[in-house]
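**Student:** Sequence:
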Amino acid sequence: QYHLAWLCCVDACSQTLVARYLHRWNTCSGYAKIQKDLAEVKELLSLVKRERPRRLLQTEQAKLDTELQALQAKKSSLPSQDESKHSGQSHIPGTFTVKLTSYGWDQSENFVKIYVSLQGVQNISAENIIVEFKERSVNLLVTNLEGKNHSLNIIDLLHPIDPARSSKKVKADMVLVLCRKKESSTWRYLTSVEHKAQDKPTPKYDDTVDPGEGLMDMMRKLYEEGDDDMKRTISKAWVESREKQARGDF
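Sequential numbering from 1 applies to the sequence shown in full-length UniProt numbering.
Worth double-checking, as some hints may not be accurate.
[Unchecked claim] Taking CB as the label site, the calculated pair distances span: (1) 104 to 42: 27 to 33 Å; (2) 238 to 160: 43 to 49 Å; (3) 242 to 45: 37 to 43 Å; (4) 162 to 189: 15 to 21 Å; (5) 176 to 146: 31 to 37 Å; (6) 53 to 102: 22 to 28 Å; (7) 160 to 239: 47 to 53 Å; (8) 242 to 119: 33 to 39 Å; (9) 106 to 229: 33 to 39 Å; (10) 136 to 102: 20 to 26 Å; (11) 147 to 243: 55 to 61 Å; (12) 37 to 108: 34 to 40 Å; (13) 53 to 183: 29 to 35 Å.
[Said to hold, decoys possible] Mimicking EDC-like on lysine to aspartate or glutamate, the simulated pairs with C-alpha atoms at most 16 Å apart in a straight line are: (14) 36 to 67; (15) 42 to 146; (16) 63 to 37; (17) 182 to 156; (18) 221 to 51; (19) 74 to 37; (20) 148 to 67; (21) 99 to 146; (22) 169 to 135; (23) 196 to 156; (24) 168 to 127; (25) 42 to 60; (26) 49 to 156.
Hints are computed from structural coordinates only; laboratory data are not their basis.
Since this is a predicted model, take the numbers as computed values, not measurements.
Cβ coordinates follow ideal geometry from the N, Cα and C atoms, glycine included.
Using the sequences plus the hints, can you model the full thing?
**Tutor:** Right, dumping it as structure tokens:
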């Protein structure tokens, strides 16, 4: 009975070590796969010229960046065997990542300030609040806040910033992200996407063009740029219109 109990104990310890090893291996493997996906997305971004596919790829790039950050934070938080022996506890960040889409911003002469509201963020370790600055993007990752990760990705900033001189401040229920402007100019918008959306010129009306032809051009453009639901709707309307014409029902 003594030998049987000892063997069971050894077997349980082995299973724990194997599980820990497999967990680390899977995490690294997933990290490598996401890195490869991200490299391909960046390569595609350099080739794409149309705005709609570019926005889709930029969204996917932000998503992959967030996954990499979360995996990196998770991997760095896994304790070594020695740490586990001494502490008997481990810090495990939340595996669920909340993508933040709500924030505020304003600016001064030298900084663009981004305000991100997060309840209780002042109570966690400063190491759990990571901001990655690039010349035209900001990536905020807050790990293990009430059992969840929180991420905010702002890409394609309107003007370049200075990553080395940018910083963050943690206040009560809020993270303040300070982006140092490369040039002291007034930003009309935070991102280029907002700029293009707001400043898109209104199409001019050409009274020399047949109204029917103009409508067909508009429908064709909507079909080419629309999603699957839009295409189905336009196709259905087109078929019904042709059927009415065939019946002489105008």
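**Student:** Does each hint fit the structure? Answer for all of them.
**Tutor:** Checked hints:
1. Our hint of 27 to 33 Å for residue 104 and residue 42 holds, since their Cβ atoms are close to 30 Å apart.
2. The hinted window of 43 to 49 Å between residue 238 and residue 160 holds, with their beta carbons roughly 46 Å apart.
3. For residue 242 and residue 45, the Cβ-Cβ distance of about 40 Å falls inside the hinted range of 37 to 43 Å, so the restraint holds.
4. Here the CB-CB span from residue 162 to residue 189 is close to 19 Å, well matched to the stated 15 to 21 Å.
5. Judged by the Cβ atoms, the range 31 to 37 Å given for residue 176 and residue 146 is violated: they are separated by roughly 20 Å.
6. About 26 Å separates the C-beta atoms of residue 53 and residue 102, a value consistent with the hinted range of 22 to 28 Å.
7. At about 50 Å, the CB distance of residue 160 to residue 239 agrees with the hint of 47 to 53 Å.
8. The hinted window of 33 to 39 Å between residue 242 and residue 119 is violated, with their beta carbons roughly 57 Å apart.
9. Evaluation of the 33 to 39 Å hint for residue 106 and residue 229 yields a pass: the beta carbon distance comes to about 37 Å.
10. For the pair residue 136 and residue 102, the supplied restraint of 20 to 26 Å holds, since their beta-carbon distance comes to about 21 Å.
11. Range check, residue 147 to residue 243: Cβ separation about 57 Å, and the 55 to 61 Å hint holds.
12. As the Cβ distance of residue 37 to residue 108 is approximately 38 Å, the hint placing it in 34 to 40 Å holds.
13. Remark: the range hint 29 to 35 Å for residue 53 to residue 183 is upheld by a beta-carbon distance near 30 Å.
14. Distance check on the hinted pair: residue 36 and residue 67 sit about 13 Å apart at the alpha-carbon level, within 16 Å; holds.
15. A hinted pair counts as satisfied when its Cα atoms are at most 16 Å apart, and residue 42 with residue 146 does not qualify at roughly 33 Å.
16. The suggested pairing of residue 63 with residue 37 holds, with an alpha-carbon distance near 11 Å, which does not exceed 16 Å.
17. For the hint linking residue 182 to residue 156, the alpha-carbon distance of about 15 Å falls within 16 Å, and the restraint holds.
18. Of the supplied pair hints, the one linking residue 221 and residue 51 holds, its CA atoms being roughly 14 Å apart against a limit of 16 Å.
19. With a C-alpha separation of about 19 Å, the suggested pairing of residue 74 with residue 37 is violated against the 16 Å cut-off.
20. Proposed proximity of residue 148 and residue 67 is supported: the alpha carbons are some 14 Å apart, at most 16 Å.
21. For the given pair, residue 99 sits about 15 Å from residue 146 by alpha-carbon distance, which is consistent with the 16 Å threshold.
22. Our distance criterion of 16 Å between C-alpha atoms is broken by residue 169 and residue 135, whose separation comes to about 19 Å.
23. For the hint pairing residue 196 with residue 156, the CA-to-CA distance comes to about 12 Å; that is within 16 Å, so the pair holds.
24. With a C-alpha separation of about 12 Å, the suggested pairing of residue 168 with residue 127 holds against the 16 Å cut-off.
25. Between residue 42 and residue 60 the alpha-carbon distance is near 10 Å, which keeps this suggested pair within the 16 Å criterion.
26. Between the alpha carbons of residue 49 and residue 156 the distance comes to roughly 15 Å, so the proposed pair stays at or under 16 Å and holds.
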